[in-house]
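Sequences are here, hints too, so could you generate the full structure?
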Amino acid sequence: MGHPVAQSVIQLLGGLLLLTVFVMLSIRRIFTMIRVFTVQGIILTANAIFVGVVSGEKHLFLLAFFTLALKVVVLPVLLFRLIHRLRLRGEVEVVVNVPLTMVTGILIVVFSSSLAAPLTLMANTISKGLIGFGLATVLLSFLVILSRRKAVTQVLGLLSLENGLLFSAINATYGMPMIVELGVALDVLVGTLLFGVFFFQIRESFENLDLERLEKTWED
Amino acid sequence: MEILATLLIPLGSAAFLAFFGARPWASRFNVGASALTFLASLNVAHHVSGARIFVLSNQLFADDLNIIFVVLTGLVATTTSVFSVHYIRFEQGRGQFDSARLRLYHSMYQMLIFAMLLGLFSNNLGLLWVALEAATLSNAFLISLYRSPKSIEAAWKYFVLLGVGIAQAFFGLILLYFAAEKELGPGGTALLWTTLNQVKAHLNPQVLLLSFIFFFVGFGTKVGIVPLHGWLPDAHAEGPTPASAILSGLLLNVALYAIVRIKLLVDGALGVSFTSGILIVFGLLSIWVAVFSMWGRKDVKRLFSYSSIEHLGIATLGFGIGGEIGTLAALVHMTFHSLTKSSLFFLVGTVSQWCGSQKIDGIRGVLKHAPFLGWSLIFSGCAILGVPPFGIFTSEFLIFDSLLHWNPWAAPFLAIALAVAFGVLMRRILEMVSGEEAPAGPLPSFSRIPVGAHLFLVLILGLGLPSFLWGWYQNAARYLLGTL
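Protein chains in written order, with this note's numbering: chain D, 2 to 221; chain C, 113 to 596.
Mixed in with the good hints, there may be bad ones.
To be verified - Derived DSBU-like pairs (lysine-lysine); straight-line CA-CA distance at most 30 Å:
{"id": "1", "chain 1": "D", "residue 1": "LYS59", "chain 2": "C", "residue 2": "LYS294"}
{"id": "2", "chain 1": "C", "residue 1": "LYS471", "chain 2": "C", "residue 2": "LYS294"}
{"id": "3", "chain 1": "C", "residue 1": "LYS294", "chain 2": "D", "residue 2": "LYS151"}
{"id": "4", "chain 1": "C", "residue 1": "LYS294", "chain 2": "D", "residue 2": "LYS129"}
{"id": "5", "chain 1": "D", "residue 1": "LYS151", "chain 2": "C", "residue 2": "LYS269"}
What the hints assert, rightly or not - FRET-style restraints, in silico, Cβ to Cβ:
{"id": "6", "chain 1": "D", "residue 1": "ARG29", "chain 2": "C", "residue 2": "SER260", "range": "29 to 35 Å"}
{"id": "7", "chain 1": "D", "residue 1": "VAL75", "chain 2": "C", "residue 2": "SER557", "range": "24 to 30 Å"}
{"id": "8", "chain 1": "C", "residue 1": "GLY408", "chain 2": "D", "residue 2": "SER27", "range": "38 to 44 Å"}
{"id": "9", "chain 1": "C", "residue 1": "ARG560", "chain 2": "D", "residue 2": "ARG30", "range": "31 to 37 Å"}
None of these hints come from the bench; they were simulated from the model.
Computed from a predicted model, the values in this text were never measured in an experiment.
Each residue gets a CB set at the ideal place from its N, CA and C atoms; glycine is no exception.
See the structure below:
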């Protein structure tokens with residue numbers, strides 16, 4: 002553990018990641034949410050690089066490169082263009098009951114920390130303290146999906162959830178085997194493209210991307 | 113080599129049909145490709161008996177367990193593609209599909225088959241996860257094929273719910289890797305099922321317990337285990353009928369297969385009772401909720417999708433009870449359910465095209481004006497309800513019997529649920545086939561082969577499994593119990 006500075010930077014990154022999800026929970030503008038997602042990508046890349054430097058695991062640099070390419074460049078560009086083409090730039094979403102969501106979010110963080118505590122004791126990675134943060138990010142993103150009504154924001158919740166998974170994988174086991182990582186990256190990319198197709202279809206059928214209508218009871 | 117051939121045929125066809133899927137011969141090409149896949153899967157089965165085959169540095173494998181599902185996938189994919197020829201022709205006649213959508217349909221059909229086979233053959237549990245996700249994505253395309261508001265809603269629901277679900281499974285995968293890495297060191301081998309199976313007794317039980325819960329939530333969403341079944345009726349009702357047949361007949365099976373694989377590992381570390389308890393409770397819950405949701409359904413595809421939840425619940429229960437009989441019965445049940453349910457969807461699909469409605473109220477007079485459809489509908493209905501001598505009777509009887517033996521408290525619950533399902537489904541089916549007036553439209557052309565083949569198999573195999581097939585299932589069950 003010869004890198005006290007890098008260690009504390011890694012801890013800081015974990016805190017920042019949690020902060021971004023809380024921002025996602027409370028934010029109203031869709032455009033800003035994509036920016037937050039990009040910031041998450043940067044945090045993940047930095048996390049992979051720092052953990053890679055301290056632990057000496059070479060493949061983490063490759064992982065960092067892929068994360069940078071996919072989550073900081075490709076996906077945000079795709080999403081921004083989508084928003085632009087759908088003319089959603091200034092779109093504002095009504096977020097119901099932010100304080101309640103926040104309190105639930107804090108409880109989730111406490112819950113995941115306690116769930117991850119035994120794992121932290123067993124892990125032998127240098128950033129083992131962050132496993133709980135990863136789990137918290139996963140569950141908080143779930144909350145984002147639940148509390149949002151618009152298609153775009155639900156997708157961002159799902160992508161943020163995926164970020165939480167990657168973060169957990171990096172910090173618990175220095176990432177998954179490469180074949181799995183590549184498969185996941187491919188799935189995320191195809192999935193996002195599919196989302197794009199869906200946006201246009203939903204747009205055609207419902208005139209806006211509001212999923213309120215999903216809530217209506219099916220007549221049968 | 114045999115395994116790679118089985119995988120490359122659907123993958124290559126998917127790529128080919130993405131370009132030529134709108135040609136007049138495309139749907140017959142689809143049949144040919146599926147039939148070839150079926151033959152290739154039989155070839156793998158021929159080689160596998162008793163031994164495991166590995167390819168691609170152990171990433172893919174075939175053993176006694178997955179080969180059953182591989183052959184079943186090949187068979188149902190072939191018959192469904194035969195059904196799909198006529199189904200698609202009729203829908204084109206209604207002006208439903210333009211050429212881009214036909215290409216998408218045929219290509220995604222083969223892609224889905226490929227993804228399911230890849231999942232089944234995966235020895236690497238990470239690859240299994242990726243394959244299941246790929247199956248989700250290709251199936252989402254199929255569900256939204258009609259582009260009606262309802263089908264898009266259904267596809268969206270499917271997509272988001274399964275996206276969340278499968279992410280939970282990935283966390284389970286991380287935990288499993290976390291535990292395995294301590295024993296096996298980092299790298300690809302730490303997620304190989306065969307390797308994990310050897311060291312499972314040394315894996316950390318606490319981590320594996322957490323891992324199983326995440327896996328169960330994740331893959332359970334894909335099986336449609338209550339309370340994670342919200343997407344399933346919508347996806348069945350709004351997608352094209354061939355997709356419903358594949359979804360009910362095959363994809364749900366693959367997800368349950370994945371849970372069983374994980375269960376096997378976790379049992380080794382934790383002892384059997386923990387996972388069994390979870391499977392029994394959620395199996396019973398699924399059966400009950402599904403059966404009582406059938407009450408008052410007006411849409412016929414939705415009705416039968418609830419029946420799928422019920423039957424996958426029964427199979428889950430069977431795996432939960434465990435023991436040689438319970439496991440064997442669950443495997444047999446999954447097979448018979450696949451065959452019976454897809455034949456029901458073929459019939460229901462043709463009938464609702466004929467009557468121009470999926471509503472049960474709109475479907476009348478089938479028996480009088482199309483005797484083959486009417487009688488097959490009655491027979492398939494009897495088969496799905498477990499009337500002897502059809503196959504499902506055998507498996508349900510075995511499951512009920514071992515339930516009486518091991519968990520007698522749960523037996524009345526199962527009995528009541530089966531009785532209610534019988535009453536509701538039988539009444540609905542009789543409503544549809546009875547009546548004097550002919551449906552308005554002309555009878556769509558349909559092939560008798562898919563329904564005939566499935567009913568024939570379910571009947572003959574229900575009367576008596578040939579010894580080599582029985583031996584196959586017994587091997588798989590013993591393999592699952594670790595006694596082989």
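Each hint tested on the structure:
| no. | hint | result |
| --- | --- | --- |
| 1 | D:LYS59 x C:LYS294 | holds (19 Å) |
| 2 | C:LYS471 x C:LYS294 | violated (56 Å) |
| 3 | C:LYS294 x D:LYS151 | violated (43 Å) |
| 4 | C:LYS294 x D:LYS129 | holds (14 Å) |
| 5 | D:LYS151 x C:LYS269 | holds (13 Å) |
| 6 | D:ARG29 x C:SER260: 29 to 35 Å | holds (32 Å) |
| 7 | D:VAL75 x C:SER557: 24 to 30 Å | violated (47 Å) |
| 8 | C:GLY408 x D:SER27: 38 to 44 Å | holds (41 Å) |
| 9 | C:ARG560 x D:ARG30: 31 to 37 Å | violated (59 Å) |
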